[in-house]
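Visitor: Listed below are the residues making up each chain.
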Amino acid sequence: MELNANNQKFVNESLKKGFRVDGRGIYDLRNLKIDLGNQYGSVEVQLGETRVHAKTSIELARPLPDRPSEGIFIISVDFSGPGSLQQGEKVSGPASGVAAGSDAEGRAAAQEVAISRLLEKILKSTRVVDVESLCISVGEQVWRLRVDVHFLDYGGNYLDAGIIAAVSSLSHFRRPEVLKVGETTTIYSVEERAPVPLSINNIPACLTFAYFENELLVLDPSYLEEKFMSGSISIAINSNSELCCISKAGGIAIEPDTVNLCIVVAIEKAKFLIDAIRSALK
Amino acid sequence: MTSKQDLFVVPGMEIDLGLITGIKDENSQTENSEESAVILGPGLFEKNSKILSFAAGNIATNFKDTIWVNYNKKRYIPEVSESIIGTVVARTAEGYKVDIGSAQPANLNGLSFENATKRNRPNLSVGTIVYAKVVLSNKYIEPEIECFNRNTGKADGYGELEDGFVIKASLGYCFKLFKGTALILELLGNHIAYELAVGLNGFVWVKAGSPETTILVANAIKNAEHLSESDCALMVKQLVSFL
Amino acid sequence: MSSESGPISKGIVTTGSLITRDGVFMKGHGTFVENGEIYASITGTVERINKLVSVTSLRQRYSGEIGDIVVGRISRVGLKRWLVNVNGRQDARRKSASDELQMRKFFKEGDVVFAEVQSVFVDGALSLHTRSLDYGKLRNGVVCYVSPALVVRSRSHLISLHCGVDVVLGVNGCIHIGKHRVFSHLQVDSDNDEAYLKDEQSSLESNTKAGNSSTLPNNDYSDIYSDVNDDIDISTRTNISRVHNCIVILDRLFIRLNSTSINTAYEQSLQYFVPELLKQDVANEIAESRDNKNSAMTFKLLVNSVAYGILSRTDDLSAQRYTIE
Amino acid sequence: MLIFSEYLGLRIDGRRANELRKITCKTNVIDYTDGSAYFEQGNTKILVGILGPREAKQRSASQTTQVTLNVEFLVSPFSSVERKKRSKYDRRSVEIATSIKQTFEHVIIGQLFPRSQIDIFIHLLQQDGGVLEACINATCLALIDAGIPMTDYVCAINAGYVDDSPMLDLNMVEEASFDTPNITIAVLIRSGKICLLQLESTLAVDLLAPVLELAKTGCKYIHSVLDSTIKESTQSMINSVTL
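Chains as they are written, first to last, in full-length UniProt numbering: chain A, 1 to 282; chain B, 1 to 243; chain C, 1 to 325; chain D, 1 to 243.
Treat the hints as calculated values from the structure; they're not laboratory data.
What you are looking at is a predicted structure, and each value in this text was computed from that prediction instead of being measured.
Don't be surprised by glycine CBs; every beta carbon is placed ideally from N, CA and C.
A hint or two may mislead.
If you want the footprint, here are the derived chain A segments under chain D, 3+ residues with CB under 8 angstroms [claimed, not checked]:
hint	stretch
1	143-150
2	240-248
3	258-272
Straight-line Cα separation of at most 25 angstroms, PhoX-like style, residue types lysine-lysine; simulated pairs [to be verified]:
hint	chain 1	residue 1	chain 2	residue 2
4	B	K74	B	K133
5	D	K26	D	K216
6	D	K231	C	K10
7	B	K97	D	K57
Starting from the given sequences, assemble the full structure and let the hints guide the process.
Guide: Below, the structure is given as structure tokens:
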């Protein structure tokens, strides 16, 4: 309900003077809370007001015909209920340039598709989970790993919170141990043998910047900033500081060196996020 | 207005009307035998001759004939003569549609502004915010709001709000702020000059000299909702030190 | 005057190219200003009228001006107005004071209307009026769409070809080709009663404003608004479709439409059957033979340099459509 | 082994590292559209039709103060090796359509056409890598042909690293091969600003800058091709009209 022209003008005015509406610095992340659930692989992440829950589960399956030696890694994203982006989208106005009614829902639905596709791309392109390690016996039996990401409360910047939740959940998850002796493969139930962690190659972190008129940048946009931004760029960096994914689709055009600036800041902040995830999992 | 021990009710609890008389007896000592008509305020409803509460909150009465429940909610139900802050959502032929956080957007007639005539009427664009008063609210038709005081014809505060920043708060907190009894307002007032407009529909409009002071005031008010008075003073001292 | 003003580009400019840096110029249609410099926002030729710089393009949708004569089709009747689709940025509006039922007696959905632009709204919608003799409903014919740039804003928009066919050139690129409309009986009856002529020709609201109730034109004048197409004999029908195909060829080859170009194209097309007209080779022939002196249009050079694949009316998007030279 | 031969440095289709595939394009190819373009980049063939700006059809779009853009991206079943009927709403098509809509939303000068909509129909006839880039170039051409005011040309290209040397304009084989990181970039020609940037594989940070530079020169070349096509077709129109 705070989408009105006054707030839009106020957000822009204060950004010009280097102030953010929630008092943060330009490159400050909101405070991050990662709570591990009682089950392996169930994690809830709170980034400022944004709350996401991720759950990893596994089951046996036949491998895909064209990739007999690889396990299957599925990411499913769910926005239903309070977390959906349609909340509070009713209000129109020059602020979001969006008319009330279906158009707002249309725009929100497209945003949800964009977020889930990006989340999938980042997790797949950075090869967080080594799919070869999920193979039990080539061509017959593989593990089918599935991460469910539920977005619970929309406080802005779902993508970064979603990545943190998914990655923490994958690292925290334990699968039943498998012993392969010659032809016979025995799968120990959780009671018999302690479950084994997945082989995680590296932990990526995603940093999203929102930008406003004449190249004003802010990291980790909050609800209001995300509604009034003129565009955003998301940069995913893995644990050995390599670029894994960049997505800048739409919004006003920006200078190339603004992109480089974002990358430099992203590398710095990615280290911080990855350490936060690692310390939470100890 | 509330009796010494606040009687806390939960939804579905039966209220016996003796409460009004009971409280009244303590103060006025007059015996009130015959059945006087009782007005049920928000939070209460009548079901086969029993009064039940549908809200969780404290019972309150005005000792004469009305009894209601003070309960906190976020979804605003328009009540006549309440001041609210709304956002213009659409322009209609005779005025504007204003979103005030209730089920349906309210109608604001183009002429219901201080000295507005058929020819010179204020020209609000979509997205501007207005401070207005609810003049018509009933279950079946869209609420009606106005931006001027009907009897004096003056705006006295109502009308378009320029610039400033709007924050969302729960209705109960806004009610407290509206009455002006909240300590946080004075504490901030000692240090910063700021303008404030409180809408009973859960919006507070703040405007101070510069963006950073407006941010400070807005965040202070937002955080003070659940702080005790001493913590409020502490918080303000800390915030002000940053200036 | 241009000596002391800064350099200004001439001829064809494409989107985004700089026109002039000099602050003295004002930006006109088809341009935009970015930190003091004027850039072209569309592709076309630069036109400078002393201080005003604008870019005119041949490929833009029709955006109306006051006084334009347009041909359109009624798309909706309601809310005290007729909505006319004139292939413009917004549907044109034609106000009427009477209620819907009465309005349908004059124009209803699907009628082809011939009107003049009265005013242009800020969002590009036009308001039309039919307040002079030859405006109103067009019948007994066919409409075809050409690009608006080809129709020149001239006084005479009604061309009567000697083969008994009327061509109404709408500035918005809609052209109505129909049976010749005989005006005689109209003049005779109505000249004795000036008020009456004004009444049924002029738009309704001026009528009601004048106080007298909107008298419904009695039936013998209803043919002005009747939408019954009277039966047309075969020869006129073929003439109508011949002229139609000629206009389609002219549009394909992007040749300006005026009485001369249509007449000459019509004469050249006489040697062919009407359906043949739309075949590419026949069209080229017509174009070549059009090389007569008075129209000074050397088709020959034109057709060879621009080989358009011409869509034959009957079949769908045939493969020939995408042959690229 | 993607490099055809080591010492010659030729790629699998015989091109050098910074060579683009042959681009042929043509405007005004469909009659009943306001603007249309046929664009071929190597074996990727795209047809774009533009209708608009015209009266907004859906109710909601007719309220806005800006033009509403809607983009439909259709893949023809015969477009790639195996015939597959893809619906307009499968995820990849929706994603490409939204990327194009977002890219052009800020380039088209939308305030000139309030309450109107522009429809862009993109038809992928044949695909051989670089689909999103070719769609952007084709749409830019069609928009200019339709005379829709824009602030600049938008040219797009993909580039990447094959056997760790930067390559321009990757075809399907190069794009899909395992270890080639590739980026897609759309650039505003005049200001050199970046409209769209997508990287979907791991790439060392310092390798990004050179590939960005290479891609920008590629875009400049594409711009020259598009520009000459537009100039040619405008010139021929002017000739035939003024004749």
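Visitor: Does K74(B) pair with K133(B) here, judged by a C-alpha cut-off of 25 angstroms?
Guide: With Cα atoms ~19 angstroms apart, K74(B) and K133(B) stay inside 25 angstroms; holds.
Visitor: With a cut-off of 25 angstroms on the C-alpha distance, tell me whether K97(B) and K57(D) pass.
Guide: holds, 22 angstroms
Visitor: Can you take a look at whether the stretch 258-272 of chain A is actually covered by chain D? Rule is 3+ residues, C-beta closer than 8 angstroms.
Guide: holds (count 4)
Visitor: With a cut-off of 25 angstroms on the C-alpha distance, tell me whether K231(D) and K10(C) pass.
Guide: Roughly 13 angstroms between the alpha carbons, so the hint for K231(D) and K10(C) holds.
Visitor: Cut-off 8 angstroms, C-beta pairs, minimum 3 residues; does the coverage of the stretch 240-248 of chain A by chain D stand?
Guide: holds (count 8)
Visitor: Do three or more residues from the stretch 143-150 of chain A put their C-beta atoms closer than 8 angstroms to C-beta atoms of chain D?
Guide: With 0 residues closer than 8 angstroms to chain D, the stretch 143-150 of chain A misses the three-residue bar; violated.
Visitor: Quickly compare the C-alpha distance for K26(D) and K216(D) to 25 angstroms and report which way the hint goes.
Guide: holds, 23 angstroms
Violated hint: 1 only; the structure is consistent with all others.
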